[in-house]
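Enquirer: Based on the provided sequences and hints, a complete structural model is requested.
Spelled out from the first residue to the last, the chains are:
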Amino acid sequence: MTAARALAGTQRAAMAEAWANRRGFWTQVIAMVVNDVAWIAFWVLFFHRVGAIRGWDSSKVLLLLAVLTTSAGLVLGMLGNARRIGRLAVEGDLDAALALPVPPLAYLLVRRIDTTNLGDLAFGIVLFAVAGHPTPLRTLVFAAAVVVAATILTGFLVAAGSVAFFAGRNEAGELGFHAMLMFASYPVDVFSGAAKALLYTVVPAAFVSAVPARLIDHFDGRLAATLVGVAALFAFGGWALFTAGLRRYTSGAVWTRA
Amino acid sequence: MKAFRVAVVTAAQRVLAERGGLLVSLGFYLAVVSVVTSLWRAAAGAHGGTVVGYSAVALTWYIATSEAATVSLNIRLIEDIGNDIASGTIVAELLRPASVVGIRVASEVGRALPRLAILSLSGAVAAFLLSGGHGPPDPAALLLAMPALVLAIAVNLVAQHAFAGVAFWIRDARSTWFLYQKFVFIAGGMLLPIEVLPHGIERAARLLPFMAMAYAPARLASGHFEPTLLLVQAGWLAVLGAIAVAVFAAGERRLQVVGG
Numbered sequence: 001m002t003a004a005r006a007l008a009g010t011q012r013a014a015m016a017e018a019w020a021n022r023r024g025f026w027t028q029v030i031a032m033v034v035n036d037v038a039w040i041a042f043w044v045l046f047f048h049r050v051g052a053i054r055g056w057d058s059s060k061v062l063l064l065l066a067v068l069t070t071s072a073g074l075v076l077g078m079l080g081n082a083r084r085i086g087r088l089a090v091e092g093d094l095d096a097a098l099a100l101p102v103p104p105l106a107y108l109l110v111r112r113i114d115t116t117n118l119g120d121l122a123f124g125i126v127l128f129a130v131a132g133h134p135t136p137l138r139t140l141v142f143a144a145a146v147v148v149a150a151t152i153l154t155g156f157l158v159a160a161g162s163v164a165f166f167a168g169r170n171e172a173g174e175l176g177f178h179a180m181l182m183f184a185s186y187p188v189d190v191f192s193g194a195a196k197a198l199l200y201t202v203v204p205a206a207f208v209s210a211v212p213a214r215l216i217d218h219f220d221g222r223l224a225a226t227l228v229g230v231a232a233l234f235a236f237g238g239w240a241l242f243t244a245g246l247r248r249y250t251s252g253a254v255w256t257r258a
Numbered sequence: 001m002k003a004f005r006v007a008v009v010t011a012a013q014r015v016l017a018e019r020g021g022l023l024v025s026l027g028f029y030l031a032v033v034s035v036v037t038s039l040w041r042a043a044a045g046a047h048g049g050t051v052v053g054y055s056a057v058a059l060t061w062y063i064a065t066s067e068a069a070t071v072s073l074n075i076r077l078i079e080d081i082g083n084d085i086a087s088g089t090i091v092a093e094l095l096r097p098a099s100v101v102g103i104r105v106a107s108e109v110g111r112a113l114p115r116l117a118i119l120s121l122s123g124a125v126a127a128f129l130l131s132g133g134h135g136p137p138d139p140a141a142l143l144l145a146m147p148a149l150v151l152a153i154a155v156n157l158v159a160q161h162a163f164a165g166v167a168f169w170i171r172d173a174r175s176t177w178f179l180y181q182k183f184v185f186i187a188g189g190m191l192l193p194i195e196v197l198p199h200g201i202e203r204a205a206r207l208l209p210f211m212a213m214a215y216a217p218a219r220l221a222s223g224h225f226e227p228t229l230l231l232v233q234a235g236w237l238a239v240l241g242a243i244a245v246a247v248f249a250a251g252e253r254r255l256q257v258v259g260g
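For the protein sequence lines, the chains are S and V, in the order given.
According to our numbering, the stretch in the first sequence is residues 1 to 258, in order.
According to our numbering, the stretch in the second sequence is residues 1 to 260, in order.
By construction, these hints were calculated from the structure, which means they are not laboratory data.
Accuracy of the hints is not assured; some may be wrong.
[To be verified] Examples of chain V residues lying across from chain S (beta carbon under 7 Å, computed):
1) Leu23
2) Val24
3) Gly27
4) Phe28
5) Leu30
6) Ala31
7) Val35
8) Leu39
9) Ala42
10) Ala46
11) His47
12) Gly49
13) Val51
14) Ser55
15) Leu191
[Unchecked claim] Covered stretches of chain V (in silico footprint by chain S; criterion: 3 or more residues with CB under 8 Å from a CB of chain S, positions within the stretch not fixed):
16) 110-124
17) 177-186
Virtual Cβ for every residue (Gly too), placed ideally from N, Cα, C.
Expert: Spelled out as structure tokens, the structure:
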């Protein structure tokens, strides 16, 4: 209970820090919204020219993007260090976190708010409201699916970043981050064979966007249970890899602020 | 002139020494190419074999080239330049007996060239494999795409310096790179041939410099033998280079730095 209160306080402090520079805050949020609007423009232009492909049309892709931007905004915005675990490990920046009486992974995750990605979070919610045909049931499934997708994304990023504890370099974390967001932002059915299998296993991009979007359109209890199971697996995997990696962590005792 | 040459060579050597960074760029590039070409091949398949006159093979070579032209560059260069101007770091460069913007562009060209070479070669292999063993639609046009790729990164780099120079006036130019990048994505033809755009937007895109940064080399590599595209790129390089020099010259005159 004390740890939970300390973590909540840490996140409040991180939010206050991000909010301190109001002009910078809004500039970055708006920049990300513009970025997301450009993606929407791309997909609208694409489907306008080529029509539906393998069951995907612009409305389905907009729903997929709503899920992805909301869940990615939640993870990369509110848990800003999720994508930095590898860099922090390699550069020896974990010392300050290890000395605190709270679980280090949880502390690291809530320690940093990334303002730019809060724009994604806001954009995703608005996109769902505008293009996701929201009904009470669809909104409920959307909210639950976003939380589960965010859990998978966090687990994956922590696991990919934790490889740096063992490899001594962070290329896997960087590549995993870029690959995950890239694959998750495209309709999964344009891929086939080994590439498609990859998206359901090693880089679980399908579970971060396409599967949650499918659940919102056509809810299926078994698919929902599978999604929750995958989330539990990646959450545990991320935590286990980080914990095992910490045993190998070394630094030059540089006291930095993670 | 020697200073610029040294800047190019030194930067290139640094990039080649950072093998991890090169590996990440290559992995990212191959992931992007496989994803985007899958999409366009599926589109061509669902559309009778071609999209706006591009076959599935042509689209594969188009995307492999347009992505090589952009992934070779530091994606956040505008932000980095803006930070150097806003923090005053750039003031140390004013002490050198050479143009600040000239040395900066030369260094970035040096950083981009090794990446461009590696990505283009890997892209050619990837395009060959992804298109089911089909070679380039027109080998002569592909030869023209090589100088077009070098011109594309040069145009992109001078344009980014001209764009980032706004930081001399507004200080916080960090987020403008998002906006610039999106113009390259769509109006520049990085993600889609500009013929896909609605007619009015396509005409506007042809008049903007972004088409020289991705569309021009990609159009050539996709089998369209159009040497005039190289002239268009050279023209934009001259115009944007002059603008970048003028922006930095004006900005340097009004730069004020406290301490050091």
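Enquirer: Hints first: check each against the structure and report whether it holds.
Expert: So, going through the hints one by one against the coordinates:
no. : hint    : verdict
1   : Leu23   : holds, 6 Å
2   : Val24   : holds, 5 Å
3   : Gly27   : holds, 5 Å
4   : Phe28   : holds, 5 Å
5   : Leu30   : violated, 10 Å
6   : Ala31   : holds, 5 Å
7   : Val35   : holds, 6 Å
8   : Leu39   : holds, 5 Å
9   : Ala42   : holds, 5 Å
10  : Ala46   : holds, 5 Å
11  : His47   : holds, 5 Å
12  : Gly49   : violated, 12 Å
13  : Val51   : holds, 6 Å
14  : Ser55   : violated, 14 Å
15  : Leu191  : holds, 6 Å
16  : 110-124 : violated (count 0)
17  : 177-186 : holds (count 6)
Violated hints for the displayed structure, listed by number in ascending order: 5, 12, 14 and 16.
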